[in-house]
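**Q** Below, each chain spelled out in residue letters.
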Amino acid sequence: MIKLDSKVPEGKLEEKWTNHKFNMKLVNPANKRKYDIIVVGTGLAGASAVASLGELGYNVKAFTFHDSARRAHSIAAQGGINAAKNYQNDGDSVYRLFYDTIKGGDFRSREANVYRLAEVSNNIIDQCVAQGVPFAREYGGLLDNRSFGGALVSRTFYARGQTGQQLLLGAYTAMNRQVNLGKVKLYTRREMLDVVVVDGAAKGIVVRNMLTGEIEKYSAHAVILATGGYANAYFLSTSAMNCNATAIWRAHKRGAAFANPCFTQIHPTCLPLHGENQSKLTLMSESLRNDGRIWVSKLKHDMRKPNEIPEEERDYYLERKYPTYGNLSPRDISSRAAKEAIDNGRGAQGQDAVYLDFQDAINRLGQKVIEERYGNLFEIYETITGDNPYKSPMKIYPAPHYTMGGLWVDYNMQSTIQGLFVGGEANFSDHGANRLGASALMQGLADGYFVLPYTIGNYLAGDKPTLVKTDHPEFEKVKKEVENMTAKLLSIKGKRTVDDIHKQLGRIMWNKVGMGRNEKGLKEAMVEIKVLREEFWKDVNVVGDSKDVNQCLERAARVADYLELGELMALDALTRNESCGGHFREEYQTPEGEALRNDEDYAFVSAWEFKDVGKWELNKEPLEFTSVKLATRSYK
Amino acid sequence: MSPRKINLTLKIWRQRSPQSPGKFAEYKVAVSPDSSFLEMLDDINNDLEKKSLEPITFESDCREGICGTCGLVINGQPHGPIPRIATCQLHMRNFKEGDTIYVEPYRAKAFPIIKDLMVDRSAMDRIMEAGGFISVNTLSVPDGNAIPIPKDIASEAMDAAQCIGCGACVAACKNASAMLFVSAKVSQFALLPQGQPERYQRVESMVKVMDEYGFGSCSNTYACEAECPKGVSVKNIARMNREYFMAKIKSQNIE
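Taken in sequence, the protein lines are chains A and B.
With the numbering used here applied, the first sequence closes on residue 697, and no number is skipped along the way.
With the numbering used here applied, the second sequence closes on residue 266, and no number is skipped along the way.
In silico DSSO-like cross-links for lysine-lysine, where the CA-CA straight-line distance does not exceed 30 Å: (1) A/Lys-608 - B/Lys-34; (2) A/Lys-64 - A/Lys-591; (3) B/Lys-39 - A/Lys-556; (4) A/Lys-554 - B/Lys-39; (5) A/Lys-672 - A/Lys-584; (6) B/Lys-61 - A/Lys-554; (7) B/Lys-61 - A/Lys-556; (8) A/Lys-93 - A/Lys-540; (9) B/Lys-22 - A/Lys-564; (10) B/Lys-246 - A/Lys-429; (11) B/Lys-16 - A/Lys-366; (12) A/Lys-95 - A/Lys-246; (13) B/Lys-120 - A/Lys-246; (14) A/Lys-554 - B/Lys-22; (15) A/Lys-64 - A/Lys-538; (16) B/Lys-62 - A/Lys-608; (17) B/Lys-39 - A/Lys-564; (18) A/Lys-556 - B/Lys-16; (19) A/Lys-549 - B/Lys-61; (20) A/Lys-581 - A/Lys-676; (21) A/Lys-549 - B/Lys-62.
Covered stretches of chain A, as calculated for chain B (at least 3 residues, CB under 8 Å): (22) 112-125; (23) 177-187; (24) 195-204; (25) 293-307; (26) 557-565; (27) 601-611.
Keep in mind that the hints were calculated from the coordinates and are not lab data.
A virtual CB, placed ideally from N, CA and C, is assigned to each residue, including glycine.
Work out the full structure: start from the sequences and follow the hints.
**A** So this is what it looks like as structure tokens:
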């Protein structure tokens, strides 16, 4: 049993972070240079943490498996970033952003963490503007905003449809400045394959040099993982090809509890599948739902072209079912509504797709305005599908996009391994059972710029961790284990390719641990995954050798981890006998088909402790709500 | 969706290591026109792996044209025949039955080949580290709206800022010049009020490192702009030249 201490500070919700910052121990500026910190991942959370820690004077070692830090998948976020600036004078506030996020997460997140996130959101915008991020502006030169799902205010800041790119490049430039000043040493093309724990505390990592195949050891006083989410367990997702769970999964196997693994987000507006060899799915930004209307035909099996379906035969189902939020309903609800329409036989021209239509907006505002707002997204759509969305509606379909679950962390973002901190999508902390649009960028930067730099200092000054040299026997032992696993993968030389097995896992996950889950399917999934895992270790064919660039080997090691993680996702979903946010158990729904939460029995974070492959122990962190009232989520 | 497939002959550059000589290997494929170019390569690799043959090493990540990881020279053109897209956004409907397609890595002195279609573009990061930033520390900043920026200036800065750092401009240039890449960042910051304090120092530092890494000079053929997946304009090069000239006049570094 792990003791889960959330370390949420005492006091009023609004005062917790301020008080905590005052109460945390500080490292003398002259002593900061005596501390080494490892940061794995250079996306929004990683790069911003690296930059801020470097500025403070720590020696930072930053690791990425990319050729350049700028390639992290944060770069692909399109729509925007939320902040409670209330520049639009439409009634926004820190409390409202906090409340929307808690409610959007279906009351399954930790109140104090979410409040802090809302609190620092405004600092993020200021920080990014100062770095030269070219946010969209009004004619008067001030910052522009738009709306995103799950909110009735305009609080989303954006840089065309490339907000993630601009924010990441902002953090990347801040990090580069520290590289230039010599405070940060950047290690590219290194994939973290294990964390080294000595006497219960994280003391370093073991990585594979992806050019030479060498297994390398690095030590530090503290380790931060900012390695993103695990949506690629579904094979097809909007995550980039190389996004993977290996860093957090290996840390989990060394003692870091994994929280809420079944909380995965299926995004409603992605491009439909085109065929068997599809490698990934493409997101169409949620911002499109500001002006696009979602609909299907009222008739079943309607094969007419969309433009031939008259207005009165169209079902704008989100506007019908949720008149208050309409097309801006949260992602989980919009995705499920799409699935319901398609399961009902009303998919666009018989396909697994619904329409996202801009005709009304074009008539109202003119094509030029729509071009200005969404031009690049329309271009992306046309490039991929060959159809012009100015002329006929887009076809969209839900796809795995984000994982709310991740390594369990306390209020200080420390995992259940002392000295191992986790930021961004890799942790579980802020989004509960469903993340609102434009909140991932906010969380990544909040963690990296404004939370970790403080809490790391507190750990270093308070716990006074020592540095363990890389010739310590534990480093040698972990290195050997990693080398053995690599050798094992290369020695099987079976018949099935890595991708073939990954695709099969993806189908199991999508069909049985996807948008709709039930007891029978989840139990089947667990058995099927276990069988597939055994098959992988007997019959996979990993080509090439270890002392070379070997992308096949890289993929194989990641898939080996998904084959363990997938089972835990199913187990967590099976254990949570309620529906909440992105976790929809078909047995638990209201007569109208909405998610039926069970606050009596399931108002907790499930934090799974690894015992052995396929064996876990459940620990529960009860969720206490002092400021908000637990309510049935309604967007009607 | 169409069940029809097109038959193609691919000539793909295979090179074991930086030192070993490379050559084109031939692959015959039948591919769906809805498939992307990289999905076609995934398929070839899957077939090679089935035969225990080493797959073709190529890089890609987001497959949405934004991360800048991919970059193949397809029939002599970086990112292929369609303007303003990255390799990952190229779809096979743009090719015809019976086509022969040559696939090569970027070729530039500053981008050594690592293996097959994978090259080392780290020189671009070294240029960015030299000065491609605004020196502000976390939290030591004013309110976002305290720095008003005219809409058209913000938009022009964004036009430059959307460079994805893929290196196609270098690969397209007969001199392997990185001027478009460097000028995009120099322009973004030169246009914005936040970039003014370090304006001249920045361009000097970045150009110095650019020259050190063996990128060539600009001779105004505009091949870079033509192949840029984001359509970054050569106007930025003109702006950088002016910035550099002014920097030399105003420089504190007396040589």
